[in-house]
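One letter stands for each residue in the lines below.
2 protein chains.
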Amino acid sequence: MINIAVMGYGTVGSGVVEVIRTNGSLINERVQDEIYVKYVLDLRDFPGDPVEEILTHDFDTILNDPEVAIVVETMGGIEPAYTFVKKCLEAGKSVATSNKALVAKHGAELLEIAREREINFMFEASVGGGIPIIRALNSSLTADRIDEVIGILNGTTNYMMTKMFFEGADYAEVLKEAQDKGYAERNPEADVEGHDACRKIAILTSLISGQHVDFEKIHTEGITKITTEDMKYAKKLNMAIKLLASSKRVGDTFSVLVAPMLLSEEHPLCNVNDVFNAVFVRGNMLGDAMFYGSGAGKLPTASAVVADVVDAAKHLHRNVVTRWDAGELELIPNAEAEHRFFVRVQGRSEAQKEQIREAFGSVEIVETEGLEDEFGFITEVMTEGTYSKKAEAFPEIIHMIRLAD
Amino acid sequence: MINIAVMGYGTVGSGVVEVIRTNGSLINERVQDEIYVKYVLDLRDFPGDPVEEILTHDFDTILNDPEVAIVVETMGGIEPAYTFVKKCLEAGKSVATSNKALVAKHGAELLEIAREREINFMFEASVGGGIPIIRALNSSLTADRIDEVIGILNGTTNYMMTKMFFEGADYAEVLKEAQDKGYAERNPEADVEGHDACRKIAILTSLISGQHVDFEKIHTEGITKITTEDMKYAKKLNMAIKLLASSKRVGDTFSVLVAPMLLSEEHPLCNVNDVFNAVFVRGNMLGDAMFYGSGAGKLPTASAVVADVVDAAKHLHRNVVTRWDAGELELIPNAEAEHRFFVRVQGRSEAQKEQIREAFGSVEIVETEGLEDEFGFITEVMTEGTYSKKAEAFPEIIHMIRLAD
Numbered sequence: 001m002i003n004i005a006v007m008g009y010g011t012v013g014s015g016v017v018e019v020i021r022t023n024g025s026l027i028n029e030r031v032q033d034e035i036y037v038k039y040v041l042d043l044r045d046f047p048g049d050p051v052e053e054i055l056t057h058d059f060d061t062i063l064n065d066p067e068v069a070i071v072v073e074t075m076g077g078i079e080p081a082y083t084f085v086k087k088c089l090e091a092g093k094s095v096a097t098s099n100k101a102l103v104a105k106h107g108a109e110l111l112e113i114a115r116e117r118e119i120n121f122m123f124e125a126s127v128g129g130g131i132p133i134i135r136a137l138n139s140s141l142t143a144d145r146i147d148e149v150i151g152i153l154n155g156t157t158n159y160m161m162t163k164m165f166f167e168g169a170d171y172a173e174v175l176k177e178a179q180d181k182g183y184a185e186r187n188p189e190a191d192v193e194g195h196d197a198c199r200k201i202a203i204l205t206s207l208i209s210g211q212h213v214d215f216e217k218i219h220t221e222g223i224t225k226i227t228t229e230d231m232k233y234a235k236k237l238n239m240a241i242k243l244l245a246s247s248k249r250v251g252d253t254f255s256v257l258v259a260p261m262l263l264s265e266e267h268p269l270c271n272v273n274d275v276f277n278a279v280f281v282r283g284n285m286l287g288d289a290m291f292y293g294s295g296a297g298k299l300p301t302a303s304a305v306v307a308d309v310v311d312a313a314k315h316l317h318r319n320v321v322t323r324w325d326a327g328e329l330e331l332i333p334n335a336e337a338e339h340r341f342f343v344r345v346q347g348r349s350e351a352q353k354e355q356i357r358e359a360f361g362s363v364e365i366v367e368t369e370g371l372e373d374e375f376g377f378i379t380e381v382m383t384e385g386t387y388s389k390k391a392e393a394f395p396e397i398i399h400m401i402r403l404a405d
Numbered sequence: 001m002i003n004i005a006v007m008g009y010g011t012v013g014s015g016v017v018e019v020i021r022t023n024g025s026l027i028n029e030r031v032q033d034e035i036y037v038k039y040v041l042d043l044r045d046f047p048g049d050p051v052e053e054i055l056t057h058d059f060d061t062i063l064n065d066p067e068v069a070i071v072v073e074t075m076g077g078i079e080p081a082y083t084f085v086k087k088c089l090e091a092g093k094s095v096a097t098s099n100k101a102l103v104a105k106h107g108a109e110l111l112e113i114a115r116e117r118e119i120n121f122m123f124e125a126s127v128g129g130g131i132p133i134i135r136a137l138n139s140s141l142t143a144d145r146i147d148e149v150i151g152i153l154n155g156t157t158n159y160m161m162t163k164m165f166f167e168g169a170d171y172a173e174v175l176k177e178a179q180d181k182g183y184a185e186r187n188p189e190a191d192v193e194g195h196d197a198c199r200k201i202a203i204l205t206s207l208i209s210g211q212h213v214d215f216e217k218i219h220t221e222g223i224t225k226i227t228t229e230d231m232k233y234a235k236k237l238n239m240a241i242k243l244l245a246s247s248k249r250v251g252d253t254f255s256v257l258v259a260p261m262l263l264s265e266e267h268p269l270c271n272v273n274d275v276f277n278a279v280f281v282r283g284n285m286l287g288d289a290m291f292y293g294s295g296a297g298k299l300p301t302a303s304a305v306v307a308d309v310v311d312a313a314k315h316l317h318r319n320v321v322t323r324w325d326a327g328e329l330e331l332i333p334n335a336e337a338e339h340r341f342f343v344r345v346q347g348r349s350e351a352q353k354e355q356i357r358e359a360f361g362s363v364e365i366v367e368t369e370g371l372e373d374e375f376g377f378i379t380e381v382m383t384e385g386t387y388s389k390k391a392e393a394f395p396e397i398i399h400m401i402r403l404a405d
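Protein sequence lines, in the order shown, are assigned to chains S and F.
Under full-length UniProt numbering, residues 1 to 405 are what the first sequence spells out, in order.
Under full-length UniProt numbering, residues 1 to 405 are what the second sequence spells out, in order.
Heads up, a few of these hints could be off.
Put simply, identical chains are the same to the list, so a pair is met inside one copy or across any two.
[Stated by the list, open to error] Quick list of in silico lysine to aspartate or glutamate cross-link-like pairs, EDC-like style, CA-CA up to 16 Å: (1) 314 x 118; (2) 298 x 288; (3) 232 x 374; (4) 217 x 364; (5) 353 x 364; (6) 298 x 214; (7) 236 x 214; (8) 248 x 358; (9) 176 x 265; (10) 298 x 109; (11) 38 x 65.
Derived from the structure by calculation, the hints contain no laboratory data.
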C-alpha cells in the first residue's frame, strides 16, 4: 500500500480524490500496488463529505507521518504551498502539484531537493491541465532539440477570443458571459492580462532549455485591447486572433512572448476553440507536433495530478531526471524579438499609405468592409524595437497585433 | 557507454543513425550516459557511407556481443524481424522497433519476454510515427479509463482524402500524384485498403484494453470507393471524409473499425490534413484530448525510435510495465456495431424518399448541386446488421459511408 495525502480540498483536490475513487482498481493495476488516500488537509471542515474522516487541519500530521510517501499539493498560490512542499520533499516524500505559480517560481529548487533525496517533484497539471505536455517534453520527445513551443494555455481567454471571433460579441460582453459560466473569475486579471499563460510558458521554456526562466522577465500583453474590429480584420486575412504564449529558440537562448496574435488558418492551433488548450511543439527531428485537450476543469486537471501520483509511485525511490537548473536563462530582450506586425491606422488616404510605405518599407495593406475610416497594414519581419521607433511617427495608429508565423 | 545496434539500414534505420549523430550530446545528457551505435545490420553494402565501418551482414555478431544492450529493429515485415527480435530479448537486450506488423502480431509475446528478463520492448514509432501516442497511453494517461481512440493513422490516405476534398481531384489522379511524390508505394494496397491503419488501431486497442487484439478480426474498408461525388456531399454537410481507425469501449470490450467516415467540422480530427496523422483520445476523467504530428517520414519516425532508445537506456535492467496480455480480446462483431449511415441513392423521386423513410425510419435527406439524378440520406443510429438488411431492398443504393460521432 502506498499512502498519499492531498493538501487543499478545493476544485482540483476534491477532483483528485474523485479520480482515485472512480478509477482506483485500474490505477492500482498500473502501479502494481494500492494507492490509499490517508489524509486530506484543508483549513475548512466538510461535514457529511466522505473525506470527513481523513480530514486534518494540521500540516504536521502529514509531514510527520512516515507512512505518507506521496503528497499532492492543490492549494494554489505561493504560500503556504511552497513551505509545505519543500518540507515534504526534505522529509523524503514525493510531491505532485497543479500549482503553476509555485512551479514557475520555485521549480528549479524543488526539483533539486527531489533529485538529492532520490524522490520526485512532478507538475504535469501545472501547464495545460489534462494535456500531458510536461511528460511529453521530459519523457517522449527526448531525441529532439525543441526549437519552438507555442501554446494556447489559458482556457478563459480562448473561450473569449472564440466568442468574439465567431459571434462578433464585444470584449465586455464575452467577459461577463465567461464569468456567468464560471470560466472567468470575478477578478479576471490573471487570465485576461496574460499572467496565467506567462507562468505556464516560463515553465515550458525552463524545461526545454534546462535552465530557469524568470517569468517576470517575459514580455506579457493580455487581450483587454482586442476588439470586434480586430476580429473583422482577422477574418478578412483568413486568420484568427488567439492569446498565444510562444517560445522560440534563438541561438543558445529563447525569445519568449505572451500576447494576442494573428494566426493563419493553416496553423494547427488556429482550430483550437472554446475553453480547449493546445501546445504546438517543433523539434529539429520530429518536425511539428501538437497536443490538444482540456486545459482546466476539475477532472481533467485532477487526472493529470493522479497520473503524476502513478508515476511517483512507480519511481518511489528513484528520481526521474528533469533538466531544469537554477542558473537563470538570459532571454532575448523584447526589443530584439522579431515579428511581422499588423497595424490599424485611423484614416484612409493614399498620402497616409505612402507615408506608411516610406517608413515601414514593403507592407501589405488590408481594408475591410464596415470599417471605412481606417485601414490596416502588415509589415515585413522586423524587431519590436524597430517597429516601435517607426510607429512613434504615426499618432494615428490605433493599435498593433503581432503575427505568429 | 551504452552500445546499441541498428538492424535494417533503410529509411527509418538510417534516420536513427542520423538522429543520434545530430542530437548526440543532448541525448547523452538526457540518458546521463553515452549512446554509441556499435553495429548496423543490413544485407546490402553501403560503400562510402559513414556506417560502412560498423556494418555487419551477420545477425549473430550482434546477438553474441554482450556489450550490445539495446537493439533497434527497423527492417519491417514479420520475418526475419520476429526471429531476430525474439532472440535479442531472450539474450537480455532491450529492443526498440518501428515495425507495426511485428508489434500487431507478436506484441504480447515479446512484451512478456521483456518483462521476464527485466528489460524492455518498446514500439513508439509503430503507430503515428513521431506522435508520442504509445507513451501517452502507457505513461501519461494512467489515471483514466480510455473509452475511445480514433485515429487518422495513415498519412498516404489522408493526403489523398485532403486533395480530393479541397481540390476536387479524383481518386486515380490523387493516387498517381501521391505515388509521384513518394507518399504512396507503387503497390499502394497496404495504405489504400486500410491494412496499415488496421494494424495500428489493433496495437492501440491492445494497449488500452490490456488484452491482445487480433488485427485480422477488425472490419477494415479502404478508400478505393470514395469519389469526388462523395466529397460534394461531405462539403454540403459541413463534414470531411477521412480514413479513420476507431476503437470504442462497449461494456468490457471494444467495437473497432477501419473505414472512410464522415467527420463533422467541429471534431478536432477534421482539420488534420495532408500527410499529418492524429489520434483523438477520450478518457473517463480527462475528457477529450488529441495528439497530432508527422505520422511517417524518415526523421520523425526515427525520432520516436530514438526516444525509445533513451527510455530503454534509462531503464536498462528495469521493465517499464506495459499492459498487453496474450489473452485475446473478443471484439464486438461488426454486425452489432452502431453508427449513423450516410447513403447515396440513384434517382430522386418523392416515391423513393417515401420508401426510404418507411424502411429506415426518420432520415435526413441531403441533396447537392451538380448531382441532380441522385440524393443522399442519413439514418438514425442503428447496427451494421440492421442497416445491411434494410439496404438489401434498395438496389438503387450507390454506396454508404458511416458517420463518426
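Here's how the hints hold up against the structure:
no.: 1; hint: 314 x 118; in the structure: both (13 Å within a copy, 15 Å between copies)
no.: 2; hint: 298 x 288; in the structure: between (30 Å within a copy, 14 Å between copies)
no.: 3; hint: 232 x 374; in the structure: within (12 Å within a copy, 39 Å between copies)
no.: 4; hint: 217 x 364; in the structure: neither (32 Å within a copy, 56 Å between copies)
no.: 5; hint: 353 x 364; in the structure: within (10 Å within a copy, 52 Å between copies)
no.: 6; hint: 298 x 214; in the structure: neither (28 Å within a copy, 37 Å between copies)
no.: 7; hint: 236 x 214; in the structure: neither (37 Å within a copy, 50 Å between copies)
no.: 8; hint: 248 x 358; in the structure: neither (30 Å within a copy, 60 Å between copies)
no.: 9; hint: 176 x 265; in the structure: neither (28 Å within a copy, 28 Å between copies)
no.: 10; hint: 298 x 109; in the structure: neither (28 Å within a copy, 39 Å between copies)
no.: 11; hint: 38 x 65; in the structure: within (10 Å within a copy, 50 Å between copies)
Going through the hint list in order, the structure does not satisfy hints 4, 6, 7, 8, 9, 10.
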